[in-house]
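Number of protein chains: 2
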Amino acid sequence: MTQLLATAPNAETAPMILAGVLLSLVFIYLASKLGGELSKLVDLPPVLGELVAGVVVGVSALHLLVFPETGAAASDSVVITILQQIAGLNPESTQEVFALSSEVISVLAELGVIILLFEIGLESDLRELQKVGSQAAVVAVVGVVAPFIAGTAGLMLIFGLPTIPAVFAGAALTATSIGITSKVLSELGQLKSTEGQIIVGAAIIDDILGIIVLAVVASLARTGEVDVTNLVYLIISATAFILGSIFLGKFFNKSFVAIAEKLQTRGKLVIPALIFAFSMAFLANAIGLEAILGAFAAGLVLDETDKRKELDKEIIPIADILVPIFFVSVGAKVDLSVLNPTSVDNRQGLIIAAFLIVVAIISKLITGWTVFGKEKINRLAIGIGMIPRGEVGLVFAGIAEASGVLDKPLQAAIIIMVIVTTFVAPPLLRFAFPQGELTEKPDLALEK
Amino acid sequence: MTQLLATAPNAETAPMILAGVLLSLVFIYLASKLGGELSKLVDLPPVLGELVAGVVVGVSALHLLVFPETGAAASDSVVITILQQIAGLNPESTQEVFALSSEVISVLAELGVIILLFEIGLESDLRELQKVGSQAAVVAVVGVVAPFIAGTAGLMLIFGLPTIPAVFAGAALTATSIGITSKVLSELGQLKSTEGQIIVGAAIIDDILGIIVLAVVASLARTGEVDVTNLVYLIISATAFILGSIFLGKFFNKSFVAIAEKLQTRGKLVIPALIFAFSMAFLANAIGLEAILGAFAAGLVLDETDKRKELDKEIIPIADILVPIFFVSVGAKVDLSVLNPTSVDNRQGLIIAAFLIVVAIISKLITGWTVFGKEKINRLAIGIGMIPRGEVGLVFAGIAEASGVLDKPLQAAIIIMVIVTTFVAPPLLRFAFPQGELTEKPDLALEK
Chain H
29 MTQLLATAPN AETAPMILAG VLLSLVFIYL ASKLGGELSK LVDLPPVLGE LVAGVVVGVS
89 ALHLLVFPET GAAASDSVVI TILQQIAGLN PESTQEVFAL SSEVISVLAE LGVIILLFEI
149 GLESDLRELQ KVGSQAAVVA VVGVVAPFIA GTAGLMLIFG LPTIPAVFAG AALTATSIGI
209 TSKVLSELGQ LKSTEGQIIV GAAIIDDILG IIVLAVVASL ARTGEVDVTN LVYLIISATA
269 FILGSIFLGK FFNKSFVAIA EKLQTRGKLV IPALIFAFSM AFLANAIGLE AILGAFAAGL
329 VLDETDKRKE LDKEIIPIAD ILVPIFFVSV GAKVDLSVLN PTSVDNRQGL IIAAFLIVVA
389 IISKLITGWT VFGKEKINRL AIGIGMIPRG EVGLVFAGIA EASGVLDKPL QAAIIIMVIV
449 TTFVAPPLLR FAFPQGELTE KPDLALEK
Chain F
29 MTQLLATAPN AETAPMILAG VLLSLVFIYL ASKLGGELSK LVDLPPVLGE LVAGVVVGVS
89 ALHLLVFPET GAAASDSVVI TILQQIAGLN PESTQEVFAL SSEVISVLAE LGVIILLFEI
149 GLESDLRELQ KVGSQAAVVA VVGVVAPFIA GTAGLMLIFG LPTIPAVFAG AALTATSIGI
209 TSKVLSELGQ LKSTEGQIIV GAAIIDDILG IIVLAVVASL ARTGEVDVTN LVYLIISATA
269 FILGSIFLGK FFNKSFVAIA EKLQTRGKLV IPALIFAFSM AFLANAIGLE AILGAFAAGL
329 VLDETDKRKE LDKEIIPIAD ILVPIFFVSV GAKVDLSVLN PTSVDNRQGL IIAAFLIVVA
389 IISKLITGWT VFGKEKINRL AIGIGMIPRG EVGLVFAGIA EASGVLDKPL QAAIIIMVIV
449 TTFVAPPLLR FAFPQGELTE KPDLALEK
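Just so you know, the protein sequences line up as chains H and F, in that order. Take 29 as the starting number for the first sequence in the numbering used here and just add one per residue. Take 29 as the starting number for the second sequence in the numbering used here and just add one per residue.
Just to be clear, a hint being listed does not mean it is correct.
Intra- or inter-copy, both count: the list cannot distinguish identical chains.
List of simulated lysine to aspartate or glutamate pairs, EDC-like, C-alpha gap at most 20 Å [unchecked claim]:
#	residue 1	residue 2
1	K220	E65
2	K341	D153
3	K282	D334
4	K220	D340
5	K68	E289
6	K290	E338
7	K296	D255
8	K404	D153
9	K337	E120
10	K68	E338
11	K296	D340
12	K404	D363
13	K278	E289
14	K335	E120
15	K220	E151
16	K436	E65
17	K68	D373
18	K341	E97
19	K282	D255
20	K282	E332
21	K436	D153
22	K296	E65
23	K290	E65
24	K278	D255
Source of the hints: derived by calculation from the structure; they are not laboratory data.
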């Protein structure tokens with residue numbers, strides 16, 4: 029960590045910090061829109077384009093957006109160079125503006141992922157889940173356990189990694205991306221098919237399990253050692269936190285709606301919702317879990333209210349401006365040069381990336397075969413539907429980066445795994461559901 | 029300014045900074061909603077309640093939200109005390125968490141005022157303005173010049189203040205609050221009356237003039253001296269910036285709509301709008317003006333597009349979560365103890381506050397009498413309608429705080445002036461428009 033002398037910003041540097049933040053946001057938004065739209069044009073999920081655009085503007089290439097945590101100096105930052113040209117800052121002020129404006133962007137990115145998880149919670153319908161029932165639950169549990177064990181064990185036994193990084197990378201392999209899968213399924217007209225419902229149901233449970241796993245692993249990483257008592261405490265507290273929120277939420281729901289209906293001033297719905305989400309995020313953080321677990325639980329609770337649709341509509345623009353900061357930052361912090369294949373030192377990182385990709389794909393394919401009770405079910409399609417790691421995988425990578433337990437090659441390998449699994453799933457899914465096998469005529473190959 | 033040793037946040041302090049920001053936001057939102065709703069209940073503008081609630085949670089009373097710039101130490105902050113109880117931080121980390129989380133909140137507040145001015149720009153309809161025409165323009169110009177000269181001259185001649193603080197306080201007396209006045213007018217059914225149209229028209233021009241005055245004064249404050257060349261440069265550049273934006277905007281408009289229509293991914297309208305607003309804010313900052321001038325100009329430009337209504341709807345929730353951070357922070361940073369009347373040292377500050385209030389009210393009343401060309405116009409009502417300073421006055425106070433040119437008593441006096449003018453205008457306006465004199469039957473007392 030670079031040690032630097034910083035002052036509480038004074039009248040000279042304060043406007044420069046704001047200028048640095050504004051310029052960084054302009055670069056982030058330009059990158060996210062360019063990347064997202066190009067991705068959409070070639071029929072890939074926009075989030076993938078945002079991530080790749082982040083890599084392009086970040087420390088790996090253009091240096092439009094660099095962070096001190098990655099070891100970059102102020103002089104590496106294009107934003108800071110522009111500010112210097114304009115204001116002629118002295119070296120000390122330059123360091124300060126770089127450190128503080130980067131920190132503001134980092135916190136905005138963290139608020140972005142908190143809002144993202146709040147939104148995912150709002151969109152996870154617990155009642156729908158109960159319908160898909162036990163099949164989805166089995167797929168979800170196997171789909172979390174299989175890649176976690178295969179990944180962690182492989183990294184420790186084959187590559188000789190220490191426990192904490194291996195556990196973290198294993199955990200990053202667990203959670204399926206709801207967003208990407210459900211988008212492709214709906215394009216194929218398979219969202220309401222039995223396979224579609226199992227996949228989406230499993231992906232939701234998967235998210236919950238994945239976030240619990242993340243909360244546990246991140247806490248382990250923070251304490252730096254795997255202590256069984258601590259592990260048991262974390263698993264119990266994370267599970268109790270989610271289940272407790274859902275249970276207490278049933279009572280809280282009514283008060284929330286009653287309060288929101290009494291309010292008269294602007295933001296009467298969104299501000300109480302954010303007070304709740306941020307309080308839960310703070311609470312989760314305070315008891316040693318991750319802030320995002322609290323935000324997710326808050327979303328699950330408010331999803332059950334009558335105000336849900338209205339709230340959803342108001343959260344969307346807020347998510348639209350904050351979430352891209354997260355995805356672009358994750359990309360920008362990845363130093364792809366550590367995987368440059370021309371250098372012999374990088375072989376290990378590349379091999380680990382390849383290993384993670386193979387485990388990520390095979391473990392979810394196996395998961396598909398654990399569906400029981402249906403004769404003619406398309407098990408291959410279910411397995412493929414669970415492959416993309418997307419947003420949630422990136423949340424893991426982001427948290428990993430913040431906790432500082434992963435070395436750069438392993439971190440880059442996780443990002444590569446997320447990108448590849450997200451790239452391969454849509455075409456494979458189209459292949460697994462043959463043309464014409466649409467839900468509009470579901471009796472051809474599917475039982476209802 | 030306190031000098032302190034800060035590090036780029038490491039794995040231990042990074043989650044604490046996020047926790048500090050989350051807890052501060054919870055306090056800010058609770059204060060803004062409590063204050064805003066109570067204010068609304070007693071039929072006062074919500075923004076006034078938010079400001080007063082900010083004073084209550086801030087350095088003057090509860091210390092839930094304190095900032096290092098006001099001279100507060102980490103141990104004064106309730107947020108930091110709570111974090112220490114939870115995490116047991118060492119003194120150095122405590123300082124760092126306090127400095128960095130406060131800085132993040134300050135930047136969020138600045139983004140809030142940028143979004144606020146962008147929204148005001150979006151709502152200022154330039155075509156409507158042309159209808160009210162010359163009468164509104166005269167009222168606006170007199171309404172800016174009269175309080176500015178009376179305030180600045182009075183502070184220098186009567187109280188012997190130096191030029192820069194006197195000019196700043198004089199400038200804070202200029203801009204009328206559109207929001208508060210137009211709300212009261214519409215409640216009285218007078219928004220479409222001749223008086224109502226002149227008031228609103230003048231208030232819009234007033235805003236533009238006021239923001240130009242602010243940009244000029246803030247730059248003067250930054251350089252620290254009143255240099256005629258610099259003054260002329262600033263006035264010309266600020267005016268050229270606004271007029272240039274409006275002129276070039278007519279061409280840019282079409283490209284903006286064309287681009288927004290081609291985009292397919294989430295945030296397709298709000299992200300390009302923010303790229304434009306933040307770029308303009310950065311540009312204004314870079315040429316030595318205020319960032320808010322750029323955001324306001326961006327709003328004026330986009331107001332002219334077909335996408336305006338759609339964009340307005342998406343900006344509202346974003347403004348709802350960012351703008352209260354600004355108003356509550358402005359209140360929280362005011363140290364009311366400097367105006368405590370039991371101490372003899374504070375007499376000067378109190379007398380200045382009283383002086384500013386008198387000038388603020390009388391100068392706008394005089395402005396009302398400059399309306400020409402109408403026989404039976406209600407000049408008293410026009411003058412009263414221009415009294416409330418509201419949001420824009422607070423923007424002045426916020427900028428003044430950031431630039432550090434005002435001493436605490438003068439700063440508190442400006443806040444008191446804003447509060448009092450905003451309190452007195454609504455009842456006086458009800459008095460000036462006698463009951464029954466509604467626009468529904470406008471021929472009774474008004475010519476159309």
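Structure-based check of each hint:
1. K220 x E65: neither (28 Å within a copy, 45 Å between copies)
2. K341 x D153: For K341 and D153, only the intra-copy Cα distance (16 Å) is at most 20 Å; the inter-copy one is 26 Å.
3. K282 x D334: within (9 Å within a copy, 40 Å between copies)
4. K220 x D340: So K220 and D340 fail the 20 Å test inside a copy (22 Å) and across (36 Å) alike.
5. K68 x E289: between (39 Å within a copy, 15 Å between copies)
6. K290 x E338: Within one copy, since 16 Å is at most 20 Å while 27 Å is not.
7. K296 x D255: neither (45 Å within a copy, 48 Å between copies)
8. K404 x D153: neither (27 Å within a copy, 63 Å between copies)
9. K337 x E120: neither (49 Å within a copy, 45 Å between copies)
10. K68 x E338: neither (27 Å within a copy, 23 Å between copies)
11. K296 x D340: both (14 Å within a copy, 17 Å between copies)
12. K404 x D363: The answer is neither: 46 Å in one copy and 73 Å across copies each exceed 20 Å.
13. K278 x E289: So K278 and E289 pass the 20 Å test inside one copy only (18 Å; across, 42 Å).
14. K335 x E120: Result: close neither inside a copy nor across copies, 50 Å intra and 44 Å inter.
15. K220 x E151: within (17 Å within a copy, 44 Å between copies)
16. K436 x E65: Classified as neither: same-chain Cα gap 29 Å, cross-chain 50 Å, threshold 20 Å.
17. K68 x D373: neither (36 Å within a copy, 66 Å between copies)
18. K341 x E97: Answer is neither; intra-copy 35 Å and inter-copy 37 Å both fail.
19. K282 x D255: For K282 and D255, the Cα distance exceeds 20 Å both inside one copy (40 Å) and across copies (62 Å).
20. K282 x E332: This pair counts as within: shortest intra-copy Cα distance 10 Å, inter-copy 43 Å.
21. K436 x D153: The answer is neither: 37 Å in one copy and 52 Å across copies each exceed 20 Å.
22. K296 x E65: between (33 Å within a copy, 9 Å between copies)
23. K290 x E65: between (41 Å within a copy, 9 Å between copies)
24. K278 x D255: neither (35 Å within a copy, 65 Å between copies)
Of the numbered hints listed earlier, those contradicted by the structure are 1, 4, 7, 8, 9, 10, 12, 14, 16, 17, 18, 19, 21, 24.
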